Amino acid sequence: MSGAFTKSMARNIFYGGTVFFFLLFLALSFDTHQALPKRDHRAEITPQVVHGKKLVEVNNCIGCHTLMGEGAYFAPELGNAITRLGGREGIKGFIKSRPVEGIPGRRSMPQFNFSDDDLEAIAAYLEHINKIDDANWPPNIQG
Amino acid sequence: MPFQSQGVAKYYFMAAIALFAGQILFGLIMGLQYVWGDFLFPAIPFNVARMVHTNLLIVWLLFGFMGGAYYLIPEESETELFSPKLAMLLFWVFLVAGALTIVGYLAVPYATLAKYTGNDLLETMGREFLEQPLITKVGIVIVALGFLFNISMTVLKGRKTAISTVLLLGLWGLAVFFLFSFYNPSNPVEDKFFWWWTVHLWVEGVWELILGSLLAFVLIKVTGVDREVIEKWLYVIITLTLVTGVIGTGHHYFWIGTPEYWQWWGSIFSALEPIPFFAMTVFAFNMVNRRRREHPNRAATLWALGTGVMAFLGAGVWGFLHTLAPVNYYTHGTQITAAHGHMAFYGAYAMVVLCMISYAMPIMRGRAANSNKAQVLEMWSFWLMTIAMVFITLFLTAAGILQVWLQRVSDTPLPFMVVQDKVALFYWMREWTGVVFLIGLVLYILSFFVKGESSAKAA
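Chains as they are written, first to last, in the UniProt record's numbering: chain P, 1 to 143; chain S, 1 to 459.
No lab work stands behind these hints: they were computed from the structure. It should be emphasised that the depicted structure is a prediction, and the values quoted were computed from it without experimental measurement. Hints are supplied without guarantee of correctness; some may be wrong.
Stated by the list, open to error - Derived pair list, reagent style DSBU-like, types lysine-lysine, alpha-carbon separation capped at 30 Å:
1. K7(P) with K157(S)
2. K422(S) with K92(P)
3. K221(S) with K160(S)
4. K96(P) with K115(S)
5. K85(S) with K160(S)
6. K115(S) with K232(S)
7. K92(P) with K115(S)
8. K96(P) with K422(S)
Claimed, not checked - Partial pick of chain S residues on the chain P-facing surface, computed with a CB cut under 7 Å:
9. A111
10. E128
11. V189
12. G257
13. H332
14. M364
15. R365
16. S410
17. P413
Just so it is clear, CB atoms sit at the ideal spot from N, CA and C, and this is done for glycine as well.
Let the sequences and hints guide you as you build the complete structure.
Structure, rendered in structure tokens:
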């Protein structure tokens, strides 16, 4: 850090390096978006799936659960919940059966009083999430 | 305090500390819910407590950054703040909006809050860390623009230094990347992809510029080392930060449906991410060793050294621990992530804000440094909070390793909730350590009220 290496050289390396790597990041992001349609099954995103995503968001499900590993770590992973609970019916039955006052001494999911349409939408959304090609994550059915 | 208008920082700092206390309180509530599942259920469900915990973290750090900027920029620019009135107006707007948002989280179900705050107009809510209602998000943008206008105008009319340039870059980056929080495509993969443009490019990108410039400023003041040397280091550190951190975003793109090549890009560049933090530690110790004066505020020097070390451990070492794709495949979304998050945020951002407050607050209260008695108490709070955070991280790491093993690696993987019961011992230990952290924070606040003979008057 002595002598020949001056502050203005350091500054120029900062600007040059940052711009270079940011452009590289943009290029990689662009390439990713070219590749995504083959992996995210976007053709299957129906209005019902979109509605399900919205319900998962406005009820703050990721405040307890993870979804493809992101969210909170208080409750099980949702990305593969559809297989773990045995399909759409399993998801709907589980959400519907949550006791209003919780389970004494245990962590419990709130009772959201969803309509049947809403439950169907959430299940459809989780089914869609499960189909995304996410490099075989999670490692097993336990999430 | 060379410039009268630097005084606005005091309000920002006081609000930051108050919100910090709230954050820790909700942290303790959540910690208890981990082992005592129905604690406060259904009044404060876990997701609400967590939202309050993480959102308060973000908001108090923003208050801290803004206060830091209001203190630092006039002194660096050698001119009064462009508009102290605007700074105070925005302070109250931000504080009231922040408080109302937290009240909203606690008072009504989240879906109701979403309904009444315009989420149907533009759906932005319900994504981790970006849970704020649409009107709060718009409010943040307005406050940020007003703040940036004020700060930028101050820099423009005064002296331009490397520190103020880097700080401005960081703050503008913070505002620009926050705009991605308004983008929520219905395709979940794209949603997650751009969500990280706020979340990662904040904490592993532009926020580090803010961290670096605040630290460099305090180091110039407490060591008296030549500005040229410190600013050169600052550029080297932030170069390393952005060169590794921008492509390092890739470590979040391993398992969300993006192409597999991200596993290479993400692993390689995030393996390099500890380097800037290591450089920062070397930098801080180097400057303090080469100091040309004994600054009376030894507590601030301690915070400055602590920031480097803890940021390196939390962001650097604990980040690297689970950032290689083959490891991350097993550790992703477990307590290991929580362990890393805790120490990284405390070490990098909480500590640098506390460092800035520790340096600037006595000066704004008319003395170069607090009395010896007050400083001793503050240093106790430093060690209590820092050591508590080390142990919180260790206990969460232990819980995480067990979780990975029992749930994902063993021959007979167990369900999530069964595993949670089995690691409860570590959650208890984390909770008790959290209580120690709270005691440290209480001492920190008390140190503001300790009188005693002050060694020197402020310049």
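*Mind checking the CB of A111(S) against every CB in chain P and telling me if the closest is under 7 Å?*
With a closest approach of 5 Å, the A111(S) hint holds.
*Is K92(P) within 30 Å of K115(S), Cα to Cα?*
holds, 23 Å
*Does K7(P) pair with K157(S) here, judged by a C-alpha cut-off of 30 Å?*
holds, 23 Å
*Does R365(S) pass the interface check with chain P, least Cβ-Cβ distance below 7 Å?*
violated, 34 Å
*Agreement of hint P413(S) with chain P interface, Cβ distance less than 7 Å*: Holds, because the Cβ-Cβ distance from P413(S) to chain P comes to roughly 5 Å (cut-off 7 Å).
*Does M364(S) pass the interface hint, meaning its C-beta sits closer than 7 Å to a C-beta of chain P?*
violated, 30 Å
*Decide if the proposed pair is consistent with the structure: K85(S) and K160(S), CA atoms, cutoff 30 Å inclusive.*
holds, 23 Å
*Regarding the hint that S410(S) lies at the interface with chain P, is the smallest CB-CB distance below 7 Å?*
S410(S) check fails; min Cβ-Cβ to chain P is 10 Å, beyond 7 Å.
*Taking the least C-beta to C-beta distance, is V189(S) closer than 7 Å to chain P?*
It holds, given that the least Cβ distance between V189(S) and chain P is near 4 Å, below 7 Å.
_Restraint outcome when E128(S) is required to lie within 7 Å of chain P by C-beta distance_ = holds, 5 Å
*Is K422(S) close enough to K92(P), meaning Cα to Cα at most 30 Å?*
holds, 28 Å
*Between K96(P) and K115(S), is the straight-line Cα distance small enough, at 30 Å or below?*
Distance ~22 Å between K96(P) and K115(S) Cα, so the pair holds.
The earlier numbered hints that this structure contradicts are 6, 14, 15, 16.
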